[in-house]
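Visitor: What follows is each chain in one-letter form.
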Amino acid sequence: MNVRLTVNGEPHEAEVWEGESLLFALRERLGLPGSKNACEQGECGSCSVLLDDRLVCSCLVLAVQADGHDVVTVEGLAEDGRLHRVQEAFAATGAVQCGFCTPGFVVAAADLLEHNADPSDDEIREALSGNLCRCTGYAKIFDAVRLAASQ
Amino acid sequence: MELRRPPDAQHAVAALGNGSLALAGGTDLVPLLRDGIVRADTLVHLADAVPRGIDGTRIGAGTTLAELEVDPQVPAALREACAQAASPQLRSMGTIGGNLRQATRCWYWRLRFPCWLHGGEVCHAKAGQHREHAIFGNERCASAHPSDPAAALLALGARVRTDRRELSVAELYRLPTDESRDVVVLAPDELVLELDVPLPDASVYLKAMDRKKWAFPLVGVAAARFGDRVAFGLAGVAPIPWAVDSADDLDRATPLPGTAYKVQIARALIARAFSAL
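Top line first, the protein sequences correspond to chains A and X. Residue numbers for the first sequence follow the working numbering, so the first one is 424 and each next one is one higher. Residue numbers for the second sequence follow the working numbering, so the first one is 370 and each next one is one higher.
Honestly, the hints are just simulated from the structure, not real lab data. None of the hints are false.
Have a look at the derived ranges for each label pair, beta carbon to beta carbon:
1. L536/X / E502/A: 43 to 53 Å
2. G596/X / R427/A: 50 to 60 Å
3. E502/A / Y630/X: 46 to 56 Å
4. G522/A / K582/X: 21 to 31 Å
5. Q520/A / Y630/X: 34 to 44 Å
Just so you have them, the derived chain A footprint on chain X, three or more residues with Cβ under 8 Å:
6. 404-417
7. 455-464
Glycine is no exception: its CB is placed at the ideal position from the N, C-alpha and C atoms.
Can you build the whole structure from these sequences, using the hints too?
Guide: Structure follows, in structure tokens:
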């Protein structure tokens, strides 16, 4: 079936299977591979995107549930050719190891700072609790979020 | 698989049953479908069919856990149960109506063992790995009900309005039987539309889990005080949300070798919840 959705500010249209996830549609139909496909269970958060400004696991959302809605992926965070401050902070603090979890963490952290400009450590923990880094690089990820918040 | 998006509850009910399943937030159903644990000829997308939002004591079934956890109209036990459930990503999609219908986390069931709950003869968890499993109502099936909000709604004495009747959360659930392995009394085409959640004088939700965030309850204890009466609802201790009157009811628990520790946790959390009220 046909779905129309806005992705990173641009209108898109795609022919999808009824049981297909938003993640699959983004990666395989719309050419946006930034959101990663890992657990497909909602455990790891590597597929995190914003759906109508709410942080979701795109592996648990059917593409048809996003029909008519607004999606922002990690590809849509940069503005005017400049990385989002969370992305810059991840690079500056070395918060990236293998990198597979990074897009999900970046989207979750950007979402946190959008709603809470000066989060406490507990608030950062809560906001990132749905994202796993199997390299266990959490200390640097915290540094990155604190750095981005301070800017 | 076909997908329908009915414009209202009446059309949704007409589309349900006969191999079709209701899709709310999808956080449980989508992976269950993907893994072939449940099958559907038709998905009935409920976005336009069930109410969403909070109006005093009334909560639309389409309201998300994220919306509930921050709304001051919502009793503390339900807010806390929602806030401690899953992760932010899942709470922004998961609805309270869907949460009441979520399936057990029993890995035998999720790995499609031909277990009793799937219609087979034996509960593999009872003889096998069952650390996360039940201490009550586990004669046939040792699965544990995973919903934190359902335990809170049970303690709060919430009522459920479906397309055809009104019943309490306590009446909504029943232990599965040889004849029907379902944990709710709803008909296949029956749709939960709204909850009515009485305002208690005080309430609280306490949860023991393997880590501080994003884990299902080993034991969840909701307590609600109405005047001098305190009601408790427990998560993670039986195939359905389990009501107890006091910690003394734990004397009647039937733990498995691997779940005996849950009796101690439940006692401690009940005592802690009681003193918090």
